[in-house]
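Colleague: The lines below spell out each chain.
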Amino acid sequence: MFRNQYDTDVTTWSPAGRLFQVEYAMEAVKQGAAAVGLRSTSHVVLATVNKAASDLSSHQRKVFKIDDHIGVAIAGLTADGRVLSRYLRNECINHAFVYESPLPVSRLVVRLADKAQVCTQRSWKRPYGVGLLVAGLDETGAHLYYNCPSGNYFEYQAFAIGSRSQAAKTYMERRFEAFNNYSRDELIKDAIFAIRETLQGEKLTSSICTVAIVGIGEPFHMIDQKIIQEVIDSVEIKEDAAAADQAPAQDDDKSSEAAPMDI
Amino acid sequence: MAIRGNWMYENNGGTCVAIAGADYCVIAADTRLSVGYSIYTRDYSKICKLADKCVMASSGFQGDLKALQKNLAAKHLIYQHQHNKQMSCPAMAQLLSNTLYYKRFFPYYTFNILGGLDSDGKGCVFTYDAVGSYERVGYSAHGTGAGLIIPVLDNQLKSPSPLLLPAKDAVTPLSEMEAVDLVKDVFASATERDIYTGDKVEILVINASGIRQELMELRKD
Numbered sequence: 001m002f003r004n005q006y007d008t009d010v011t012t013w014s015p016a017g018r019l020f021q022v023e024y025a026m027e028a029v030k031q032g033a034a035a036v037g038l039r040s041t042s043h044v045v046l047a048t049v050n051k052a053a054s055d056l057s058s059h060q061r062k063v064f065k066i067d068d069h070i071g072v073a074i075a076g077l078t079a080d081g082r083v084l085s086r087y088l089r090n091e092c093i094n095h096a097f098v099y100e101s102p103l104p105v106s107r108l109v110v111r112l113a114d115k116a117q118v119c120t121q122r123s124w125k126r127p128y129g130v131g132l133l134v135a136g137l138d139e140t141g142a143h144l145y146y147n148c149p150s151g152n153y154f155e156y157q158a159f160a161i162g163s164r165s166q167a168a169k170t171y172m173e174r175r176f177e178a179f180n181n182y183s184r185d186e187l188i189k190d191a192i193f194a195i196r197e198t199l200q201g202e203k204l205t206s207s208i209c210t211v212a213i214v215g216i217g218e219p220f221h222m223i224d225q226k227i228i229q230e231v232i233d234s235v236e237i238k239e240d241a242a243a244a245d246q247a248p249a250q251d252d253d254k255s256s257e258a259a260p261m262d263i
Numbered sequence: 001m002a003i004r005g006n007w008m009y010e011n012n013g014g015t016c017v018a019i020a021g022a023d024y025c026v027i028a029a030d031t032r033l034s035v036g037y038s039i040y041t042r043d044y045s046k047i048c049k050l051a052d053k054c055v056m057a058s059s060g061f062q063g064d065l066k067a068l069q070k071n072l073a074a075k076h077l078i079y080q081h082q083h084n085k086q087m088s089c090p091a092m093a094q095l096l097s098n099t100l101y102y103k104r105f106f107p108y109y110t111f112n113i114l115g116g117l118d119s120d121g122k123g124c125v126f127t128y129d130a131v132g133s134y135e136r137v138g139y140s141a142h143g144t145g146a147g148l149i150i151p152v153l154d155n156q157l158k159s160p161s162p163l164l165l166p167a168k169d170a171v172t173p174l175s176e177m178e179a180v181d182l183v184k185d186v187f188a189s190a191t192e193r194d195i196y197t198g199d200k201v202e203i204l205v206i207n208a209s210g211i212r213q214e215l216m217e218l219r220k221d
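Read top to bottom, the protein sequences are chains H and C.
As numbered in our numbering, residues 1 to 263 make up the first sequence, in order.
As numbered in our numbering, residues 1 to 221 make up the second sequence, in order.
Accuracy of the hints is not assured; some may be wrong.
Just a few of them, taken from the derived set where beta-carbon distance is under 7 angstroms, the chain H residues facing chain C [stated by the list, open to error]:
1. Y87
2. R89
3. I93
Here are the simulated DSS-like pairs of lysine-lysine, each with C-alpha atoms no more than 27 angstroms apart in a straight line [claimed, not checked]:
4. C:K184 / H:K51
5. H:K65 / C:K85
6. H:K203 / H:K169
Rather than coming from a laboratory, the hints here were simulated on the basis of the structure.
For glycine and all other residues, C-beta sits at the position ideal for the given N, C-alpha and C.
Only chain C is shown next, with the shape it has when bound in the complex:
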């Protein structure tokens, strides 16, 4: 169902969410891939592990996402050869921004969220637009279900405005288990009303001991 003028891109639907904690980060995305009113597959991962403590989730056009992931993986390999270590999450965040802006006049149709631990071991979430504008935040959501999820996160995570002085930590005081439960709840809610979100949600938790993965079933309709 290609619309004239938009043939180079397609929106494959889906939603992704990330929450930063004091010493952990939760990233989640559903696994449904759609085109128009059809489902192509119920089992597609929108999440990519870029570095030891850095994970990216994106919604949008999955073809561009695949290319973007490969691009970043190759750049990360070069970095490791040159510096003998993995990229930190803030470094990867800047790299992603530059990579996206590089294609400012033929953008990657991806709405990305980067999550991980910074060099101090604190959780960090970076949120992007399609051409690389980014900001470090306490939580974020993108995709077809984002409009249903963000208000709930705003309410629950009480992240203070960056305009308030003194600058307060944007990272939530919730525990890891509470944050994962919140993510499961918001996905279940978004699945109810958003047709492009459902099937399963893939939840990754990054903390000092590594990356843990969880899959939760969602409504299939």
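Bound conformation, chain H alone:
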């Protein structure tokens, strides 16, 4: 995308019928670290790559619990993501206060999408520079939605956003038809696999990824680093056994750091 005379204001259309500022906002999502989501009939798993700005700093927090039955993973401007998470939490709390029942996921994503749309139609605002994968469970089942800075939202069986997400999408495209019948553990494993695809050769350890799950009888929570590392190790053992000439590289990289710090 190149600079042009129609991209200064979000309220300026281009002759081709495009809003460039909104599209630039979606670019910001593509630059963020990867996040993937997968759904079965009973569970939804979110996984993200946690990049730290430097070895000295803590990791960015990219997965947020919104309510017992909903969580989000973000990619893009994490500050925008944090603010939107606060909004989503408020909506859930207010709904539960009035109706004594959890806010259905589909209604939450519509409110989020409407909020994003407002920023595409006010000259004094800018679009949110963050894409959200919303994972939730309600009476109609397990859901995974993607909310765009443009105000669009779609439901997915599986999706990936952020940098090098195409690799994860390709991986999932080959498998998604079976996801509905996956067990909880298979879903987690595939999420970790998908994240590994986005790393493209870089070593996958539990310290650089966050995995969270929500499901029937299981409120939204992050999965413990140790368990993630065990899954990674078991996967790597199988692969090393298959590729017989590689030395069994069992990196006991059990850097069981505390969960990513609150910003």
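Please arrange chain C on chain H, whose structure you already have, making use of the hints.
Modeller: Relative to chain H, chain C alone:
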């Protein structure tokens, strides 16, 4: 049986009691809900768990109590999102006080007792009036049977006056079992003479291992 001028509120009767121990806290309330000289239900809980180690019991107008409980639960959820931990009992105590005073000119008609463990693991009881004035004490009682119960607690728990120097711990040296027995005794006594107290008493004991609940039958008349 609405009295003119008081139509916005109703007193649903009942009594609640709390006693703080060295490493436990006992909170109890009866389960009778009344209006006038009638009983609406014999099985209504006046106790609400606000946080891991923090429980509130209230007598007064149960409609306001329901609203107050929901209000505090929502505020607690926001706190947990922001701070990644549960509220401590003293923090919840201040929050309750502020929430009550917020409606200073249309009060919650509830007389609350907050009980739990403080950050050191010691039992704490906070007692309130309807508009949020509160104090940490060793024991407390509110409601229609309070007048019959407090003198007995004063006698048994020998809580020293806060005016005495040096300031002595207001928490009772009784063991957990003794405190629970005392609570059962005072409720049985109050039930004899107070028409609004009876049916069952719900007793919650908060200690380091969690919250334990007990129900004891009381006279139904």
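Colleague: Decide if the proposed pair is consistent with the structure: H:K203 and H:K169, CA atoms, cutoff 27 angstroms inclusive.
Modeller: holds (19 angstroms)
Colleague: H:K65 and C:K85: Cα distance at most 27 angstroms?
Modeller: Judged against 27 angstroms, a Cα distance of about 13 angstroms means the pair holds.
Colleague: Grab the minimum C-beta distance from H:Y87 to chain C and call the hint holds if it beats 7 angstroms, violated otherwise.
Modeller: Result: violated, 12 angstroms to nearest chain C Cβ.
Colleague: Against chain C, run the beta carbon of H:I93 and see if the smallest gap drops under 7 angstroms.
Modeller: holds (5 angstroms)
Colleague: Is it true that the CA of C:K184 sits at most 27 angstroms from the CA of H:K51?
Modeller: violated (58 angstroms)
Colleague: At a threshold of 7 angstroms, is the proposed contact between H:R89 and chain C supported by beta-carbon distances?
Modeller: holds (5 angstroms)
Comparing the model with each numbered hint stated earlier shows that hints 1 and 4 do not hold.
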